[in-house]
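The listed protein sequences correspond, in order, to chains A and B.
Numbering of the first sequence is given in the working numbering, commencing with residue 1 and proceeding in unit increments.
Numbering of the second sequence is given in the working numbering, commencing with residue 1 and proceeding in unit increments.
Hints listed in this document are in silico derivations from the structure and should not be mistaken for laboratory results.
The structure displayed is predicted, hence computed values, not measured ones.
C-beta: ideal position from N, C-alpha, C; glycine also.
Heads up, a few of these hints could be off.
Covered stretches of chain A (in silico footprint by chain B; criterion: 3 or more residues with CB under 8 Å from a CB of chain B, positions within the stretch not fixed) [claimed, not checked]:
no., segment
1, 36–44
2, 50–56
3, 131–139
Which stretches of chain B does chain A cover? Using the computed rule of at least three CB atoms under 8 Å from a CB of chain A, they are [what the hints assert, rightly or not]:
no., segment
4, 73–81
5, 85–95
6, 270–279
7, 286–300
Lysine-lysine pairs mimicking DSBU-like chemistry, simulated, CA-CA at most 35 Å apart [stated by the list, open to error]:
no., chain 1, residue 1, chain 2, residue 2
8, B, K131, A, K49
9, A, K49, B, K145
10, B, K145, B, K113
11, A, K49, B, K113
12, B, K131, B, K113
13, B, K131, B, K145
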Amino acid sequence: MTENAPSLPAAASAQLRASSDVLIRRGKLNRSWRGCAGGIYAIWLREVKRATRDRGQLIGGVVRPLLYVLIMGIGLNPYFRGEIYGEVRFVVPYTYVQFLFPAVIALNIMYTSVQSAVSVIWDREFGFLREVLVSPMPRAAILFGKILGGTTVALFHGALVLTLARFADVSVSPADLVVGLGLMFLIAFALTSLGVVIANRIRSFEGFGVFSNVVILPLYFLSSSIFPLDPALTSAQTRVIYPEWLVTLIKLNPLTYAIDALRGAFIHFQQFDPRLGPAILVAMSILFFLIALRDFRRT
Amino acid sequence: MSASPAPAVEIDHISKRYGRTVALDEVTFSVQCGDVFALLGPNGAGKTTLLHILCTILRPDSGTARIGGIDVRANPLGARRSLGVVFQEPSLDDRLTVAENLEFHGLVYGVPKAVRRARIDEMLDLVELEKWRDTLVRTLSSGMKRRLEVARALVHDSRILFLDEPTAGLDAQSRERMWQYLRNARQERELTVIVTTHYIEEVENCDRVCIIDGGRILADDTPAALKARHGHALVRLAARDEMASAEIISAHPEIARRNGEEIVLRSSGDAFTEELLQRFGTRIRRLVIEEPSLESVFLALTGRELRDQAAGARERTYEFGKRGGEHTR
Chain A
1 MTENAPSLPA AASAQLRASS DVLIRRGKLN RSWRGCAGGI YAIWLREVKR
51 ATRDRGQLIG GVVRPLLYVL IMGIGLNPYF RGEIYGEVRF VVPYTYVQFL
101 FPAVIALNIM YTSVQSAVSV IWDREFGFLR EVLVSPMPRA AILFGKILGG
151 TTVALFHGAL VLTLARFADV SVSPADLVVG LGLMFLIAFA LTSLGVVIAN
201 RIRSFEGFGV FSNVVILPLY FLSSSIFPLD PALTSAQTRV IYPEWLVTLI
251 KLNPLTYAID ALRGAFIHFQ QFDPRLGPAI LVAMSILFFL IALRDFRRT
Chain B
1 MSASPAPAVE IDHISKRYGR TVALDEVTFS VQCGDVFALL GPNGAGKTTL
51 LHILCTILRP DSGTARIGGI DVRANPLGAR RSLGVVFQEP SLDDRLTVAE
101 NLEFHGLVYG VPKAVRRARI DEMLDLVELE KWRDTLVRTL SSGMKRRLEV
151 ARALVHDSRI LFLDEPTAGL DAQSRERMWQ YLRNARQERE LTVIVTTHYI
201 EEVENCDRVC IIDGGRILAD DTPAALKARH GHALVRLAAR DEMASAEIIS
251 AHPEIARRNG EEIVLRSSGD AFTEELLQRF GTRIRRLVIE EPSLESVFLA
301 LTGRELRDQA AGARERTYEF GKRGGEHTR
């Protein structure tokens, strides 16, 4: 192929080259799709394998729900009755531990999601991600595999909480379980993506403690997770009982609606429009994934 | 299909700056297929930046780079397909086993299952790690990790291997073995090797050496040609008495250097040595002729020795991870 046929007119040779390019690209596309699936599987498998070998994370995933359900939930259970006030003002028709239970699932998912998202920083700075970045896998596939892996592990940690359902007096029917797991998957995916977005914006790495205190806990406590915004009260009344800023923050927090959707699935109680939860979760998943992808392409 | 294949790597006026610092300044060179090409230079010379541009994780500000004829900017995925990379910092997953790391790599590069299995066995054999197949990588020594990384870079159909300081921090024996593995690998398949290093003695066996400093190429030639052009033979001698020493030095004031009892003269060739011996032969007790080395070439071109630098931000964070940040991984 020394000097591409100089006797041909320039236009014709360019056309020839263009059409052969298309052919090559088509062949490559097929190959690259299959290659991509293998690569996504590899990255997913790596995340899952790492998680199973990480005792610390597993211990956290078991101890956290035990503390919240068995100690905080059962401990606060007697104080969560409307009758204390003489009249029925709290119309949540569930005990506190039942009310708390879906939120603990969300909490466990949250910790695990963000934890695996933080590992993106390590992967990027110290090598492992570099090795994938110089591979022929497109960035979108790499990120998708990574987030899917984190999602799977988080989903598993969320499901761990379900084994405590008995202690929380929550009976889960198979149908509830299917809907619940679907919602849990969406929550895990959205939060892992969010974690990656935040992790990408952090220049100096200070460890997981910062994430826990600055991201996870504020989002969690501001999501009507451990106390209800009374649905029997009007919006104005709620703002009298609680400070206005608190109500505003809770209503702005997308996690509020995610946890609300989980309550719908597991204890059939919702404070907000039931369509809101799934819609917000899908929107969050897509939005955060796209932002994460944009950041990721830049690196 | 053609008589003269495209060069494995072509770099044409590549520039890259970080803020005000010029990391690469109009760098141009090409590497022929099958060559072992060494980039030699002190830390901060721009070697790693250049490699990162070639493996498409860094974009150059200007200029073009082609891998096997494929432009790395226009078609990064295509360019990566033929690359095997060993980074300066270890990039293995230390929670996975040796075999799992290789399997992961094969999957990511889309190597078909049968080929993958065979290639992994072959590569473990090549770097003598088959016994550690199911060991977690975190328990391996640093030399073994480096070997595993070389093996990994060869699991897919890599035709061009980039090695960024592959032997840094290894003892002499491990370094020698590493080169042996590379030589063996080159017998198995057509492989172009581009290696950065600051161990000068390793460069002697490369086909071409490119000396780079401050983002510019100072020389690019075979080791022999570099030595012939920029190197000097040294004559080290010890005179019988103090008077003879003084006379020898005063006869060659420009090229002589006194080093205790020893006198070091920069030789311009055999004629110089002969003349020296004719004139002072009887008054010299001991004389050694040192052939020109790449060390002296480097010294002549850059005016200094290869230096090391203080730890940067990345090293510090890495240290943090080693100390206790580990649980965050």
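For the segment 131–139 of chain A, do three or more residues have a beta carbon lying closer than 8 Å to a beta carbon of chain B?
holds (count 8)
Are at least 3 residues of the segment 85–95 of chain B within less than 8 Å of chain A when you compare beta carbons? Coverage by chain A holds here, the residue count being 8 at a Cβ distance below 8 Å.
### Agreement of K131 of chain B and K145 of chain B with the hint, judged by alpha carbon distance not exceeding 35 Å
Within the cut-off at roughly 14 Å; holds.
Starting from K131 of chain B, check that the Cα of K113 of chain B is at most 35 Å away, please. holds, 22 Å
Quiz prompt | Straight-line alpha-carbon gap K145 of chain B to K113 of chain B, limit 35 Å | solution = Roughly 24 Å separates the two Cα atoms, so the pair holds.
Inset, instruction - Establish whether the coverage given for the segment 73–81 of chain B by chain A is satisfied; the threshold is a Cβ-Cβ distance below 8 Å, and no fewer than three residues must meet it. - result: holds (count 4)
How does the coverage statement for the segment 50–56 of chain A fare against chain B, requiring three or more residues with Cβ below 8 Å from a Cβ of that chain?
-> holds (count 4)
Apply the coverage criterion to the segment 286–300 of chain B and chain A: a residue qualifies when its Cβ sits closer than 8 Å to a Cβ of the chain, and three qualifying residues are needed. The restraint on the segment 286–300 of chain B is violated, since only 0 of its residues have a Cβ under 8 Å from chain A and three are required.
Using a Cβ cutoff of 8 Å, are there at least 3 residues of the segment 270–279 of chain B near chain A, or does the coverage claim fail? violated (count 0)
Between the segment 36–44 of chain A and chain B, see if three or more residues pass the 8 Å beta-carbon test, and mark the coverage as holds or violated.
Holds: 6 residues of the segment 36–44 of chain A have a Cβ under 8 Å from chain B.
- Query: Regarding the pair K49 of chain A and K113 of chain B, is the alpha-carbon distance no greater than 35 Å?
  - Reply: Holds. K49 of chain A to K113 of chain B sits at ~20 Å (cutoff 35 Å).
| said: For a C-alpha distance cap of 35 Å, please report whether K49 of chain A and K145 of chain B respect it. | reply: Given pair K49 of chain A, K145 of chain B holds - Cα atoms ~20 Å apart, limit 35 Å.
Going through the hint list in order, the structure does not satisfy hints 6 and 7.
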